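Undergrad: Here is what each chain is made of, one letter per residue.
There are 2 protein chains.
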Amino acid sequence: MPQQKRVYKFGHDAQGNNVTEGNKDMKDILGGKGAGVAEMSQIGLPVPPGFTISCQTCMDYYHGGNEFPEGVWDDVEAHRRDLEERIGKKLGDPNDPLLVSVRSGAPISMPGMMDTVLNLGLNDVSVQGLIAQTENPRFAWDSYRRFIQMFSNVVMGLDGDLFENALKAKKAERGVKNDTDLTADELEALVPVFKQIFSDNVSAADYPQLVVAGKVEFPQDVDVQLNLAVRAVFGSWGNDRAVLYRKQNKISDDMGTAVNVQCMVFGNKGDTSATGVAFTRNPASGEKEFYGDYLVNAQGEDVVAGIRNTSPITQLKTVPGLEGAGAELEKVFKILEDHYHDMCDIEFTIEQGKLWMLQTRVGKRTAAAALKIAIDMEAEGLIDKKEAVLRVDPAALDQLLHPQFDLNAKYDVLATGLNASPGAAVGGVVFSSADAVKFKEAGKPCVLVRWETNPDDLAGMIAAEGILTSHGGKTSHAAVIARGMGAPCVCGVDVLDIDAEAKTVKVAGTDVILHEGDLISIDGTSGIVVLGAVDLIPATVSGDLATLLEWADEYRQMGVRANADNPEDAELSRGFGAEGIGLCRTEHMFLGERKQIIQNYILTADSAVKERALQDLLKVQTEDFYGMFKAMDGMPVIVRLLDPPLHEFLDDPRALEVEITRLEVSGEASTEVITEKRALLTQIDSMVEANPMLGLRGVRLAIVHPELAAMQVRAIATAAARLIKEGLKPQPEIMIPLVSVVPELETLRAESTAVLTEVAAAEGVELDIAIGTMIELPRAAVKSADIAKQADFFSFGTNDLTQTTFGFSRDDVEAKFIPTYLDRKLLPYNPFETIDDGVADLVRMGVEGGHKGNPDITCGVCGEHGGDPDSVKTFYGIGLDYVSCSPYRVPVARLAAAQASIENPRH
Amino acid sequence: MPQQKRVYKFGHDAQGNNVTEGNKDMKDILGGKGAGVAEMSQIGLPVPPGFTISCQTCMDYYHGGNEFPEGVWDDVEAHRRDLEERIGKKLGDPNDPLLVSVRSGAPISMPGMMDTVLNLGLNDVSVQGLIAQTENPRFAWDSYRRFIQMFSNVVMGLDGDLFENALKAKKAERGVKNDTDLTADELEALVPVFKQIFSDNVSAADYPQLVVAGKVEFPQDVDVQLNLAVRAVFGSWGNDRAVLYRKQNKISDDMGTAVNVQCMVFGNKGDTSATGVAFTRNPASGEKEFYGDYLVNAQGEDVVAGIRNTSPITQLKTVPGLEGAGAELEKVFKILEDHYHDMCDIEFTIEQGKLWMLQTRVGKRTAAAALKIAIDMEAEGLIDKKEAVLRVDPAALDQLLHPQFDLNAKYDVLATGLNASPGAAVGGVVFSSADAVKFKEAGKPCVLVRWETNPDDLAGMIAAEGILTSHGGKTSHAAVIARGMGAPCVCGVDVLDIDAEAKTVKVAGTDVILHEGDLISIDGTSGIVVLGAVDLIPATVSGDLATLLEWADEYRQMGVRANADNPEDAELSRGFGAEGIGLCRTEHMFLGERKQIIQNYILTADSAVKERALQDLLKVQTEDFYGMFKAMDGMPVIVRLLDPPLHEFLDDPRALEVEITRLEVSGEASTEVITEKRALLTQIDSMVEANPMLGLRGVRLAIVHPELAAMQVRAIATAAARLIKEGLKPQPEIMIPLVSVVPELETLRAESTAVLTEVAAAEGVELDIAIGTMIELPRAAVKSADIAKQADFFSFGTNDLTQTTFGFSRDDVEAKFIPTYLDRKLLPYNPFETIDDGVADLVRMGVEGGHKGNPDITCGVCGEHGGDPDSVKTFYGIGLDYVSCSPYRVPVARLAAAQASIENPRH
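In order, the protein sequence lines correspond to chains A and B. Last residue of the first sequence: number 906 in numbering that gives the first Met the number 0, and the count goes up by one each step with no gaps. Last residue of the second sequence: number 906 in numbering that gives the first Met the number 0, and the count goes up by one each step with no gaps.
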């Protein structure tokens, strides 16, 4: 294997010829910054020359126990000498010293996460050369003391405050307020103080190369300075904040960072010097305007640190002495956009009137900006529609589809929790579902505050503007239901101590106690809770977003449906572009007063009472389905037969036993009452399961209680028949959940077909209703070829499939150990949010087997993964016909599916 | 496709030439009986001629809506005419009528399950021919009335009692007691009575072909008789008892039955006629002796019906007039054994001194007989060792390995339940684990009677002779643990109403009330419960069984290990031939006083207390492992790190809350006590899981509580080091349970290796301890290639794998709906007993991936399926290196594995 190239030049040589070896497409090797300066060099923009050490070298250094691979340091030194020749100056030169910056730059931008050292090359001798060259002793001494400070902090890990305190002491001694008030002499006097701090705080054992005459000294040898600085940048790849950032942003730990060694230019050489950061367009709104800030007579870190007030970049070309550079900068903006076909983020410095470009990259932007820029650039002819569709991150669309805190609003954060369902809400605190409904009826907006929600809270969750819980994760009941209904939700705010009976919330660590009706604001996009009302701005689903989604649909080759359980959600999702309902969960229709009916059905032994309950259910279910099919007229609506274990509709046996015990011991109730309650308890206990997730539910219920399934099928058929007679085109489909073996589906198919035939004959209409199954158990995926022979369609229930494939009970593991697993990188991401590789393998097996068993089968997914962009792309790759997701996720899925098609079209 | 052959001749033609078209290898076509008579015809034994209609025809008839496929009936009629020519008689002939039997005969014997019609061909005319030919009017009229009775009952489905009552009335009218006391005239007079019963009870609408002059008549047309009889036999394939029998015996519903139409011979033509059934050896003991019974002057059904006392077959050759036939029969026995190389079961009839063979097949036998016959026949040179090994059903070995009720004992069954763990036990009733231990200490045998057992009952289960529960299925806690320890267990005896506090059991449907100490006997092989003591006979594991297993081991190519958690079980399994311990469940070591230690560990927040608890556990665990490794010296012992959720070691929170409520309301306890208990409850509640099977257990525990796993690894290493220093060769292996993703195993491997290295250094020994994982989650099976890179071995935990693959919580589904599923054939068998096809697919994927990721990997199985013969054969086919099962199942697995190798050797 030939020796790999480790070090790449950029910029010009002594003759002004471009000697750059890289370009913008070499981010994996040069990192983002290295690729950016290389590309700018290649297109003739003014870039201070330098060289880049590759990312791979960082990983080799890391895996080699923090040692450079053989020959690498020699290579770096050779490039340092080459750079000295190109620029005609030498590091440490007593007459005309070269100074360099040493900066990190990973393939994916990790702003502020890693280390930078400026002014490297200064020592007790070369500082004199800098004075001679600049005729500016104050600048030279200030640069030197800054270098010692930065080197000590960044490279040696010393506490920055040690130096700040010495600086403060000097200012106090001189009775001045600003750094700039210190004279050259005073700054010169700080240098030995800073060097002493260095000597006192660096361990001789750790740095034997710094020991001179038995004492640690600040390194005067520029080679040692450079060596330690490069090591520090490589080492910063593994620092805590970088690791955390990568975890949060799903960035691989295996990329490493490049190191850029670049000639220093100085924005702090007086009033014709300046430095700034800018975007070629507004990254917040997307408006086509130059955007950014500069500081006259300053170095880069001053802009970022925010110690001095910056000026808007648009003013630069009006500043005396900076007009030329300012005008040139605007030209550079245009050159970069034309070159990159995208909005760019840049860093620049003007040194005594001359513009130098230090960095460029494609700029980060808000979802709104991404959208506007994509639409505008298409209109400007910079990009085509395909490219515009690719430019918007589907995951960010969520931000555009819900009300948000006004960006201009000022508020104090009371508490933070999990950003469980996006959007913001303002309302009075309520503590129960019933109170939420009361507030709603009284026209008062409210926020439902609960320890955790349960199915009984549904009415209140619908009535409330938003939901706030002290327990539960991003996939807790509250979170899942809130996302499903598009309601803002903040979960797991553990500082809330809720007393629902007393109707108070104490906020730990504060003396705030909230009572019913007290106004709060929550932002489910960020997880923030605020005391009082914050101004909100509403969602917009029109304009640019509508245009972009129209374009997306031109390329999209996979369908998008919605999961909805009532006509309101169905209509909402249709408005968001859903092409059908992929999952209608009928158990959500058994709440409120219907719960009593189903309890009657379950608990009675009297067949007449049971039959009456079934007839009651038939009546309300027929109305439910009538509304759904009407709302989705002409589009498929997949109705899932009853799925949860029946005991979920009954009282909690533990609470009941406690109540009975209380009544018994206190003597408050008669023997008859107690006997009756005990009988109920016995009955409930006989149904309770050790692991209800793996118990009597789904198709198993329909096998054991065939009359329940038959009732639902009859309701579907009757509703469809009614609509057909009204001239509409209902397209219901019947889905059998939790099938593991073929005969289950065979049985339900036969029983359902019999009911459909009977209703069709009785109503005198033709009913063509597909019957399919959820594939949500590993066995079903493995045996899909057999199952497909009985199915018109498959819908992959990836929530349950993830549970059984991993052996993860979502209710238990998301709070108990998935956070630990994510922290410790045992999992790359939460498999309930983004489809896991192993689960995806089972989906793939299921689809392949499904087509083998039934070439005409339709395959979709209706787990929550259907609204996750990464998962949508995986499903597209597997060959699914559609994804189905909660209504508010429909635009997200449309865009993600379109991007998948553009990246890899189906033929 | 050429017309398939539907009808096959057997026996001789008019010239005495053999015209048989089938042979013994054509069971699938001819059924067992058809193949038997064909084979006997081929080897020259005296068989009444006839023909066989194929099994496929039965299935075609069945699927064709109970109609014969086109041309079939013509074919049958042609064969009927051919048979008439061969025998020189005609059905229904008024002078010399042919009579035939019409019998079912499926490929797999289903004794007594299906239908037979004798004497077909008699009518009002041919009965006179029979009289003329036999000169025996009484025989002729008796045959005719029997035919009407049998035809009415078997073919037409009339109640047999209608005819029996008429017969009784006739006897009463004549003042006689026995059928044989009725004269020819009296029998003749019964015929019109029987025919009238027929007319009165058969529906004209169902049988229009039987209507003569507006009234149903008994068919005089012999074609109609034959047609209806053949239909009845085909129809009997689907009768309830046949369906049930097939389900219980795992026989496919798709085989169908053949129909044999055969010339009648008569064993009831006087004292030189006889009929009997016999075995060529003793089917109960296997002794080499003729075994069976005969009746002089009788028809076949009289022997089976048991109305007259039969005589032993060995006496036959001494009976005057039957000596010749008796001697010939003994020659036939030898011919058959030499020909079949097996013990045969035969039916014969002697008609006026001439022997006729009616049926033969390889005879059913008890496990003991199968064993003895296999060993004897090998010694006799009839079969070789391979064949001997194949001759014994591994599933039946269980019967030989446990005490049993003495076969000669007389007892009344008190109740029956599930035969959950084989063997019989006698003892006094006890109601708690503690009482069982007390009985044991007092030297009194006892049977532990519980609603259902739980891990706390373990001490009592060990102390008791057997376990009896009123709830739970064959894989309930009681059943699984009992099988594991080889203790007899009867489960789910739902007539038991147990009051453990009052120490009484009421037996519903009886007035029996059992009190503590009352003697009962249980038979876990049959599920029988008896009041009082039944004599038992002990298990034998030597002699023939030892020989057979030695032979099995010569052919066996897959290892057999045992699941054992203590030195006693380890030694036991070694005695049964286990080649190592495939699964040592360490949670079984945390019972009794250790439970308190682990509770301390779990509940304390004080790190010193926690550390002390860990040290205590380390000490006892080291002793545990020392004992295990010593017992299995020189053999691998796979230790599984702690698997169950920690809350299993804590109190039940519901019971605790009820107790607290009682104390609070009654005021019986101080506020301090209640506060303390409430704190405990809160702590337990924080650990409780909605679906513990899918929660914080297995490797997840080790990730969250690394110190627990480290303690166990340290104990394993320390125990091994001690034994090495004592000169032994311990071979512990460490198994990480419930791995779903690679980094889990990677982490545990690294942490365990660190501990092993440390102990090895401290103890000054070399420790070479393999580290592997259980594959018990679908994700692990799918991603096995990746996981194998971190594993020295895989052990497939098929219990858990079945749970997650099906989404079946064993605790819940075995009682709640698996019985329904089995009844309704939604499942072919219980997948927790015999490995399911879909689960096996995942095991196959796991093994294939495992070898891809690590070519040196060892793969075994340690679920309960490892002791199920069918599953053992499946695992052999998948290519596993070994199976591991409970000690008492080791011989079963050895034999099953040997048979798998003989049937399909590995190269």
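These are computed hints drawn from the structure, not numbers from a lab. All of these numbers come straight from a predicted model, not from anything done at the bench. A hint or two may mislead.
Said to hold, decoys possible - Think about it this way: if two alpha-carbon atoms lie no more than 25 Å apart in a straight line, the pair counts; the simulated DMTMM-like pairs of lysine to aspartate or glutamate are: (1) A/Lys268 <-> A/Asp178; (2) A/Lys676 <-> B/Glu658; (3) A/Lys788 <-> A/Glu847; (4) B/Lys609 <-> B/Glu451; (5) A/Lys851 <-> B/Glu750; (6) A/Lys824 <-> B/Glu451; (7) A/Lys815 <-> B/Glu706; (8) B/Lys439 <-> B/Asp517; (9) A/Lys176 <-> A/Asp92; (10) B/Lys676 <-> A/Glu500; (11) B/Lys824 <-> A/Asp785; (12) A/Lys505 <-> B/Glu451; (13) A/Lys676 <-> B/Glu451; (14) B/Lys609 <-> B/Glu706.
Undergrad: Against the 25 Å threshold, does the CA-CA distance of A/Lys176 and A/Asp92 hold or violate the hint?
TA: Measuring from Cα to Cα gives roughly 34 Å; hence the hint is violated.
Undergrad: With the threshold set at 25 Å, check whether the alpha-carbon distance from A/Lys788 to A/Glu847 stays at or below it.
TA: holds (13 Å)
Undergrad: Run the distance test for A/Lys676 versus B/Glu451: straight-line Cα separation, threshold 25 Å.
TA: Since the Cα atoms of A/Lys676 and B/Glu451 sit roughly 24 Å apart, the hinted pair holds (cutoff 25 Å).
Undergrad: Please verify whether A/Lys268 and A/Asp178 have alpha carbons no more than 25 Å apart.
TA: With a Cα-Cα distance of about 15 Å, the restraint between A/Lys268 and A/Asp178 holds, given a limit of 25 Å.
Undergrad: Holds or violated: B/Lys824 with A/Asp785, Cα cutoff 25 Å?
TA: holds (16 Å)
Undergrad: Compare the distance between the alpha carbons of A/Lys851 and B/Glu750 with 25 Å, and conclude whether the hinted pair is satisfied.
TA: Violated. A/Lys851 to B/Glu750 sits at ~45 Å, over the 25 Å cutoff.
Undergrad: Given the hint that B/Lys609 pairs with B/Glu451, test it: the Cα-Cα distance must not exceed 25 Å.
TA: violated (33 Å)
Undergrad: Need the status of pair B/Lys439, B/Asp517: alpha-carbon distance at most 25 Å?
TA: Given pair B/Lys439, B/Asp517 holds - Cα atoms ~15 Å apart, limit 25 Å.
Undergrad: When you check the alpha-carbon spacing of A/Lys815 and B/Glu706, does it fall within 25 Å?
TA: holds (18 Å)
Undergrad: Please verify whether A/Lys676 and B/Glu658 have alpha carbons no more than 25 Å apart.
TA: holds (18 Å)
Undergrad: Would you mind confirming whether the straight-line C-alpha gap from A/Lys505 to B/Glu451 stays at or under 25 Å?
TA: violated (45 Å)
Undergrad: Compare the distance between the alpha carbons of B/Lys609 and B/Glu706 with 25 Å, and conclude whether the hinted pair is satisfied.
TA: holds (10 Å)
Of the numbered hints stated above, those contradicted by the structure are hints 4, 5, 6, 9 and 12, listed in ascending order.
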